[in-house]
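J.: So you can see what is in the structure, the chains are spelled out below.
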Amino acid sequence: AQSVAQPEDQVNVAEGNPLTVKCTYSVSGNPYLFWYVQYPNRGLQFLLKYITGDNLVKGSYGFEAEFNKSQTSFHLKKPSALVSDSALYFCAVRDRRDDKIIFGKGTRLHILP
Amino acid sequence: DAEITQSPRHKITETGRQVTLACHQTWNHNNMFWYRQDLGHGLRLIHYSYGVQDTNKGEVSDGYSVSRSNTEDLPLTLESAASSQTSVYFCASSESTSGSGQFFGPGTRLTVL
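Order-wise, the sequence lines are chains H and A. Using this note's numbering, you'd call the opening residue of the first sequence number 13 and step up by one each time. Using this note's numbering, you'd call the opening residue of the second sequence number 9 and step up by one each time.
If we strip away everything but chain H, and leave its shape as in the complex, we get (with noise of 0.2 Å):
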């Protein structure tokens, strides 16, 4: 069965300095991944995913991510993080067999100003 890992419960990062999201999945054969986040009393709102092609995908507010297949990961990258970027990231992986879509248990992200 599929899973997604993210290892950290929450990141703090000073304002400029580059920040990491940690995320690595499990699924049978080759995956979709997606990269969601979650600002306070909303809805998750899709940042970017990684189809085929290209191991480094790029996504809205200067996120990018890479895919690493060897180590299973799609860590979540921003060279230079914003005080805004602070919400709850979602890493998900989708099987490519089907259309369900599993979500990791959330990375709460808080950049120091």
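Rather than coming from a laboratory, the hints here were simulated on the basis of the structure. For every residue, glycine included, the Cβ atom is placed at its ideal position computed from N, Cα and C. Keep in mind that a hint or two might mislead.
A few chain A positions that, by computed beta-carbon distances, are all more than 10 Å from chain H [unchecked claim]: (1) Asp81; (2) Glu87; (3) Thr94.
Incomplete in silico selection of chain H near chain A, CB under 7 Å [what the hints assert, rightly or not]: (4) Pro52; (5) Gly55; (6) Lys117; (7) Arg120; (8) Leu124.
Use these hints to put chain A onto chain H, whose structure you have.
T.: Structure of chain A alone, referenced to chain H:
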């Protein structure tokens, strides 16, 4: 603009009552999903549908039911509400094509007393 809406946004009910949460999307998506979000668990899939008259059980389907009579709507019913069903519920939809992400509604906060 196309959107996905949920109603009500907040609901307080009593143990044992039947409750229905509405989800309506104007994206014309075939796939629709219901999740619940709880601290420490992330998003867990309750039920999902790949089209009209199609429904499937997700990870935590006990005590919930759905029906899909048209493309736009997937109401979620709690047959006999329990305190363990106090949660935030999110509806989502997606295209049937491979690799598409999901669009999320704003959520319904349900409290069962």
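J.: Please go over all the hints and tell whether each is borne out by the structure.
T.: Each hint, compared with the structure:
1. Every CB of chain H is more than 10 Å from the CB of Asp81 (chain A) (nearest about 17 Å), matching its label as outside the interface.
2. Listed as outside the interface, Glu87 (chain A) is consistent with that label: its C-beta sits roughly 23 Å from the nearest C-beta of chain H, beyond the 10 Å cut-off.
3. Interface exclusion of Thr94 (chain A) from chain H stands, the closest Cβ pair being 16 Å apart, more than 10 Å.
4. Interface restraint check for Pro52 (chain H): the shortest CB-CB distance to chain A comes to about 11 Å, outside 7 Å, so the restraint is violated.
5. Interface hint status for Gly55 (chain H): upheld, as the beta-carbon distance to the closest one in chain A is roughly 4 Å, under 7 Å.
6. Annotation: Lys117 (chain H) was flagged as interfacial toward chain A, and the flag holds, the nearest CB pair being 4 Å apart, inside 7 Å.
7. Checking Arg120 (chain H) against chain A by beta carbon gives a least distance of about 11 Å; that is not within 7 Å, so the hint is violated.
8. For Leu124 (chain H), the interface hint is violated, since its Cβ never comes within 7 Å of a Cβ in chain A; the closest pair sits about 23 Å apart.
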